[in-house]
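*Asks:* Take the two lone chains and join them into the complex the hints point to.
In order, the protein sequences belong to chains B and E. Numbering (the numbering used here) for the first sequence: 1 to 280. Numbering (the numbering used here) for the second sequence: 281 to 570.
What you were told as hints is all true, and nothing was included just to trick you.
In silico BS3-like pairs for lysine-lysine, Cα to Cα no more than 27 Å straight-line:
hint : chain 1 : residue 1 : chain 2 : residue 2
1    : E       : Lys562    : E       : Lys489
2    : B       : Lys225    : B       : Lys69
3    : B       : Lys267    : E       : Lys377
4    : E       : Lys538    : E       : Lys333
5    : E       : Lys377    : E       : Lys489
6    : E       : Lys432    : E       : Lys342
7    : B       : Lys225    : B       : Lys79
8    : E       : Lys378    : B       : Lys7
9    : E       : Lys377    : B       : Lys6
10   : E       : Lys377    : B       : Lys7
11   : B       : Lys79     : B       : Lys69
12   : E       : Lys489    : B       : Lys267
13   : B       : Lys170    : B       : Lys105
14   : B       : Lys105    : E       : Lys562
15   : E       : Lys378    : B       : Lys6
16   : B       : Lys267    : B       : Lys79
17   : B       : Lys170    : B       : Lys102
18   : E       : Lys342    : E       : Lys538
19   : B       : Lys267    : E       : Lys378
20   : B       : Lys225    : B       : Lys72
21   : E       : Lys562    : B       : Lys102
Keep in mind the hints are simulated off the structure, nothing from the lab. Since this is a predicted model, take the numbers as computed values, not measurements.
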Amino acid sequence: MAATSKKNRIITGLLTHFVLILLAVICLAPILLVVTNSFKSNAEIVGSPLSLPTVLHFENYVQAWTTGKFGKGFLNSIKLTGCTILIVLICSTLAGYVLSGKRIKGSGAVLTYFMMAMTVPIQLFLFPLYFAYANLGLIGNIPATSLILAATYMPLAVFLMRTFFLSVPKELEEAARIDGANTSQVLWHVMRPVVSPGLVTVGILIGLQSWNEYLISSTFLQGEKNFTATLGFLSMNGSYGSNMGVLMAAAMVLIGPVIIFFLLMQKQFIDGMVSGAVKG
Amino acid sequence: MKAKKKINWNYFLIAPSLLISIAIILVPGIMTFVFSFTDWNGLSPNINFVGLKNFAEIFQDKVFYRAITNNVIWVIMFLTIPVCIGMLAACLLLNRKKTRSIYQVAFLIPYILAPAVNAMLWLNVIFSPIAGLFAALRNFGINLSSPLSNVKTAIYACAGVDIWHYWSYLSVIYLAALRQVPTDQVEAARIDGCSSPQLFRYIYLPNIKSTVTLMFVMITIGSFLAFDYIKLLTGGGPAHATEVLGTYAYNLAFSQMKVGKAAAAGLFISFFGLIASAVYTKLSKSEEME
Numbered sequence: 001m002a003a004t005s006k007k008n009r010i011i012t013g014l015l016t017h018f019v020l021i022l023l024a025v026i027c028l029a030p031i032l033l034v035v036t037n038s039f040k041s042n043a044e045i046v047g048s049p050l051s052l053p054t055v056l057h058f059e060n061y062v063q064a065w066t067t068g069k070f071g072k073g074f075l076n077s078i079k080l081t082g083c084t085i086l087i088v089l090i091c092s093t094l095a096g097y098v099l100s101g102k103r104i105k106g107s108g109a110v111l112t113y114f115m116m117a118m119t120v121p122i123q124l125f126l127f128p129l130y131f132a133y134a135n136l137g138l139i140g141n142i143p144a145t146s147l148i149l150a151a152t153y154m155p156l157a158v159f160l161m162r163t164f165f166l167s168v169p170k171e172l173e174e175a176a177r178i179d180g181a182n183t184s185q186v187l188w189h190v191m192r193p194v195v196s197p198g199l200v201t202v203g204i205l206i207g208l209q210s211w212n213e214y215l216i217s218s219t220f221l222q223g224e225k226n227f228t229a230t231l232g233f234l235s236m237n238g239s240y241g242s243n244m245g246v247l248m249a250a251a252m253v254l255i256g257p258v259i260i261f262f263l264l265m266q267k268q269f270i271d272g273m274v275s276g277a278v279k280g
Numbered sequence: 281m282k283a284k285k286k287i288n289w290n291y292f293l294i295a296p297s298l299l300i301s302i303a304i305i306l307v308p309g310i311m312t313f314v315f316s317f318t319d320w321n322g323l324s325p326n327i328n329f330v331g332l333k334n335f336a337e338i339f340q341d342k343v344f345y346r347a348i349t350n351n352v353i354w355v356i357m358f359l360t361i362p363v364c365i366g367m368l369a370a371c372l373l374l375n376r377k378k379t380r381s382i383y384q385v386a387f388l389i390p391y392i393l394a395p396a397v398n399a400m401l402w403l404n405v406i407f408s409p410i411a412g413l414f415a416a417l418r419n420f421g422i423n424l425s426s427p428l429s430n431v432k433t434a435i436y437a438c439a440g441v442d443i444w445h446y447w448s449y450l451s452v453i454y455l456a457a458l459r460q461v462p463t464d465q466v467e468a469a470r471i472d473g474c475s476s477p478q479l480f481r482y483i484y485l486p487n488i489k490s491t492v493t494l495m496f497v498m499i500t501i502g503s504f505l506a507f508d509y510i511k512l513l514t515g516g517g518p519a520h521a522t523e524v525l526g527t528y529a530y531n532l533a534f535s536q537m538k539v540g541k542a543a544a545a546g547l548f549i550s551f552f553g554l555i556a557s558a559v560y561t562k563l564s565k566s567e568e569m570e
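Okay, chain E solo, but in the shape it has when bound (with noise of 0.2 Å):
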């Protein structure tokens, strides 16, 4: 009889974590979930049900397609740049025991700076043609607009700035997971006379695989939700040129006031994110279970 009064403590201590994620996360989640059905604008009291008008809005709107174009540019470029320098920076210090960290840590510094420090550097120090760089550069003759002023380049330039400051964070995980390697997996390949690229991809490559495989997921989730380069360099512009899902549905919400709208095309972000943590949930559980 006793024991069937005794409380549960973990169900207490598991519940400040859940109902902060709950208030904050879950909660107005499902609330833009009901906001894209209406016309709301954030202020006003009256709230119109407006059935599936905002998506329609959406998939018309040419601005829409160019940010989707936008995000799929970005997954493509991040999904291949930062990963093989990555991993070069990685194989090449696998071997440099007494020089590994200093150069960990050189390559490192842009990673822990914040996105808006890293965005002012470039845009001052780089791209400036008054103070940077480039200004520098034309003294020399050499005569280089901004990236960023151009409507072709600048997603690759806001891109490129984002990888500088991202690589070396996949190349920091991409050397703990082949530093993981069985050493005498690598010694019977060498003695069997294996060179170096075939020790790469016979040796290490299978056996960081879920590594890669974890990043290559984490890598696609976090292109969909690109925002701070972009918001910071260009603001979207110019001429929605840079726009992505996420500046996109930020300006709708707080430029032009549309929360409806904006509603609708964050549910449509979360979608791809779904999608993307789908596979990582189940790639994580298959893990665990090895």
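Same shape as in the complex, but just chain B (with noise of 0.2 Å):
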């Protein structure tokens, strides 16, 4: 009996990696494909697109980084998450204190505004506002974009800042009131280190999101001066779609940073990500 129980076991532990490990390479072969086919040249790529390279064409990447643009495009990336992270934690952190407690009449009210915010759809106020941007002038304009992206995410953050602050003890809060304590005192000296894990994680959700984001930026960032290194990207694709192996380099470009970012974070990725759906 015991025999068979504990050959069970192993089978289904077995059959359990083969699934998981299956899985993995469904979701991971189409990127290896890319981490090989970058280092090959167009005529090998044609050839056998999926053999490892014989020489290593590193050339691909140089070339890949000065026609994509990438230079400049990295650094307006970098500027569109910025503004869009730096505007939606202050914005959702004060809002997010507000709202998790009675502290102002219809906060009920303002919390419902929030929640049907989150589920809008971009169409609904994209046109007028890019109307209204290409009259003032703005469209290319990266902080303003920044605007349009912290407006979007900002439901979600003021709502988990608003967890982050609710899970704060009140007791805290009143004694320093006792003390008195101001309200920015009670923020920046009370709260702040008690949410700034809460900050980490809202930020890491805020950041990837933006500077994945299409719709949005490749409306309103027009002119190749104000391409993000994804909308640099995607123009290489349009105008350099015949060296395989340049193109392959430049999603690697792309591809590499985020990963290792994604590696050395995980935990406060998965931790966002959860945060958003699961309760407790």
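*Replies:* This is the structure:
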């Protein structure tokens, strides 16, 4: 009996790993193909797309960097993401604090409003906003575009920050108030240290979303000098589709940093994803 | 008397987020509602009120019905395929304490990459008949044309790429929920001789029901907003075969310059979103009560 149950356990274990490895291969195979092809010449890729490179063509990367204008592109991406994170973190922290208790009249209405705003489709506000920005000469303006991204991510950030503030014991604030602290002192000296892990989580979540964003940035950031790294890569695909090796190297330039950042911060990443959806 | 003069600073703290949201979302949202009754083209200063003409035109447009059908296909595919794969992977990972995080990281890599990158990756590495997996298969004598260029299969191929990118997110959420199921319940059921499927059906599933429902609502909302992968992979073609409401409205505004009509289509998407978000609001409120 014991032998069969042990045997069964081994078989289940093997089956489990087989399914999991299969899923991992499906997830990673296309990316591994990009890695190998990024070192091959165009002729090699066309001849045998799945083979390993015989000679490592590092010049693909040099050419990709210049034709994709990634120097400027990464700078713009950092600017866009940085501005968005900054706006969202400041505004959502303040709002999250206020909405974590009955501190103002109509806090229920504000919460309902943010809940509706969270699920509003971009197409509901995109068209008038685009033409308003065009009239104000803000098309291609990176900080102005980050304001739109910030507005779309704000509701989720407010809810997440609110839950962080809700978990702060009431006694902490009361004690500081009795000692004569005002609101700004309470926020900075009492609340900030307690909710700072929350700030990291929200920052990473918003940062990843704005780094990867496509619809708003492609609509509002026109003109090559305002392109983010992603938009530069996309324009390369249109005009530079002939050399596959260079295109794959350009893809690697985009994929590499994101994967490294993810591997370094995976715990915070996963916490951020989960905190938006699972309670408790 | 002194107390009355005291300013409630909390109003100033809520102001920045609320003002940004009102300026970017609420006011343009109301303008979209107004524009949907006009013939504005985005440029000309004279705007005429045309009543319900935009809506009438949309409801007679074959492409519009194609778009709705595709959105429905999208919802059905997303409510089944990634939910099942995600749940399966989450269940399998639940008892793999040592290898869990390695698998999770591998699964999540497509999820953290930008849609623009993922779409280009599939176009050039998988579907491309010159340089992709399909070209390699041709060398073995298997002739497949890209599913994206076929009117019948294109929408499924687009959804497939999006699902490849998305399912691991569900898996992570489900796993987090499964891990919160009280262990004493699981142990008790095990001692009573529950098999693994029974354990899932009678212990785990009831415990994670609220998360599963919430994800169902989020998937439904997301499916009506589908845009990125379709725009990037096919642009709505071939011959409008992959058009969804998102790309339909976008093309009306920026390719055909029919902003009034685009606004009407945008309102229509919002209508679906509104229903879903009403359900979502109700669900999360009732959950907070518990």
